[in-house]
Amino acid sequence: MPKRSRARGMNAALDSGEAGVGEMKPAHSPMRPRQLAVASVVALTGSGLGLATYHRMATKPPTFSGIVTPAHTYYLNFPATGTVLTLNVKPGDHVHAGQVLATMDGGVAAANLAAAQAAVTADTATVAGDEAPQPGATQQAQNTLSVTQASAAVTAAKNALLLAQNNDQHTISSQTVVVTGAQNAYSADGADYTQQCSSTATTSTTQAQFCQNLKSKVGRDATDLSTAQAELARLQASAKLEEARDLDDVTQRQAILTAAEQKVSAAAQPLTAAVIAQDKARLATAQAQVATDEQAVRNATLTAPADGVVADTRGAVGDLAGPEGVHAYGGPAAQPGTQADQQPGFQLFVPNSNGGTGTGPTSAYQPLLTLYAGPLNVTAQVPEQNMAAVHSGAHAKLNVTATGTSAVGTIGEVTLDPARVPGTTTYYDVLITLDSPPQLLAGMTVDVSLF
Numbered sequence: 001m002p003k004r005s006r007a008r009g010m011n012a013a014l015d016s017g018e019a020g021v022g023e024m025k026p027a028h029s030p031m032r033p034r035q036l037a038v039a040s041v042v043a044l045t046g047s048g049l050g051l052a053t054y055h056r057m058a059t060k061p062p063t064f065s066g067i068v069t070p071a072h073t074y075y076l077n078f079p080a081t082g083t084v085l086t087l088n089v090k091p092g093d094h095v096h097a098g099q100v101l102a103t104m105d106g107g108v109a110a111a112n113l114a115a116a117q118a119a120v121t122a123d124t125a126t127v128a129g130d131e132a133p134q135p136g137a138t139q140q141a142q143n144t145l146s147v148t149q150a151s152a153a154v155t156a157a158k159n160a161l162l163l164a165q166n167n168d169q170h171t172i173s174s175q176t177v178v179v180t181g182a183q184n185a186y187s188a189d190g191a192d193y194t195q196q197c198s199s200t201a202t203t204s205t206t207q208a209q210f211c212q213n214l215k216s217k218v219g220r221d222a223t224d225l226s227t228a229q230a231e232l233a234r235l236q237a238s239a240k241l242e243e244a245r246d247l248d249d250v251t252q253r254q255a256i257l258t259a260a261e262q263k264v265s266a267a268a269q270p271l272t273a274a275v276i277a278q279d280k281a282r283l284a285t286a287q288a289q290v291a292t293d294e295q296a297v298r299n300a301t302l303t304a305p306a307d308g309v310v311a312d313t314r315g316a317v318g319d320l321a322g323p324e325g326v327h328a329y330g331g332p333a334a335q336p337g338t339q340a341d342q343q344p345g346f347q348l349f350v351p352n353s354n355g356g357t358g359t360g361p362t363s364a365y366q367p368l369l370t371l372y373a374g375p376l377n378v379t380a381q382v383p384e385q386n387m388a389a390v391h392s393g394a395h396a397k398l399n400v401t402a403t404g405t406s407a408v409g410t411i412g413e414v415t416l417d418p419a420r421v422p423g424t425t426t427y428y429d430v431l432i433t434l435d436s437p438p439q440l441l442a443g444m445t446v447d448v449s450l451f
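Numbering-wise (my numbering), the sequence shown opens with residue 1 and increments by one.
Incorrect hints may appear among the rest.
Said to hold, decoys possible - Straight-line C-alpha distance at most 25 Å; calculated PhoX-like pairs for lysine-lysine: (1) LYS280 - LYS90; (2) LYS240 - LYS158; (3) LYS158 - LYS263; (4) LYS240 - LYS263.
Treat the hints as calculated values from the structure; they're not laboratory data.
Sequences and hints are given; from them, build the entire structure.
Here it is, written out as structure tokens:
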């Protein structure tokens, strides 16, 4: 008889680690101690990496808003008022320091200089005759030469006076046209506001916005009119001063001519120390006037103060330009009576209000030329609560919104004068230089992250 094998029970199965009757065999054998230790290390490492990743995400450096800015901005205008004669550059042109950018009509300045030089010549001859009088016929010839030179000085002074009067008349007439245009715009927009927005009841949100924009336009018109009137008053006062100076010059030159003629006719006053001193003083005054008029001639030429690129030109040949720039043109959307001017988001040729060095733009006048010099940087506005992390030499990641490109920059300087906006926090301007500048344009928006 075959020997029966004894069935082992559950306890036996537990002892051996094998499945007993009615039991399922384990998928894996129980973990040994060494394997358990390795698994624990892996789990702890993964947890640490996860916590580190979470910490980095939770402490991600804040992002600030920035804008691409040139190292320096020049607003270039003529020091005196006159008509633009040539405009030699256009936006995008690269220029060098000293390059001629534009010229204005310098006829008056040139005439004044010629008159002053003629006066110096005549006065020099007079002083020379005073200090070393010649005997007989030689002195008579010297006196005759003095008459000729004094007569030329009188003619030059009269020509300068006539040219200045004609130029001032043209300048004042042109500015009067500007004042008239500003007055018409103010009157037209004011009448539109009274007609369309006099009712206190608001028919719709669109109408309310229209009236608000129109009210703002009337305010700008009033400012433009005031500015134009002030410029007209300045030109009129300047014309009176220039005419008075030229008239005085003619009078003085005529007196010198009379004295020279008296010497020829032997009716001159005795040559005393006082007379010699007076002649020398007159010569010194004429020499000083030559220096002033030479500067006026140079001022009729506008040159680049530094190497750079022309960012904008606001004038054209024939425009009236001066220290304030040229009269701004608001574009077709800004003309009186156009409803497009009152709608938000629709404005052509909006005046640029960026700051910079020199005479900046106003609502009614714009710089004749705007020049960017130096490399492009990024200026970021950092809230006061984040300034502890800002210091010179720190690095920043720059994401250019328009191009989708990134760059790395270095904090160069921090403007200590804060920008305070009522009702908000205080900001500080932080200048960031670009280590490897990508293709950028001034004014582009940049997201700045410090690291």
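Comparing the hints with the structure gives:
no.	hint	in the structure
1	LYS280 - LYS90	violated (49 Å)
2	LYS240 - LYS158	holds (16 Å)
3	LYS158 - LYS263	holds (23 Å)
4	LYS240 - LYS263	violated (35 Å)
In terms of the numbered hints stated before, the structure departs from hints 1 and 4, listed from lowest to highest.
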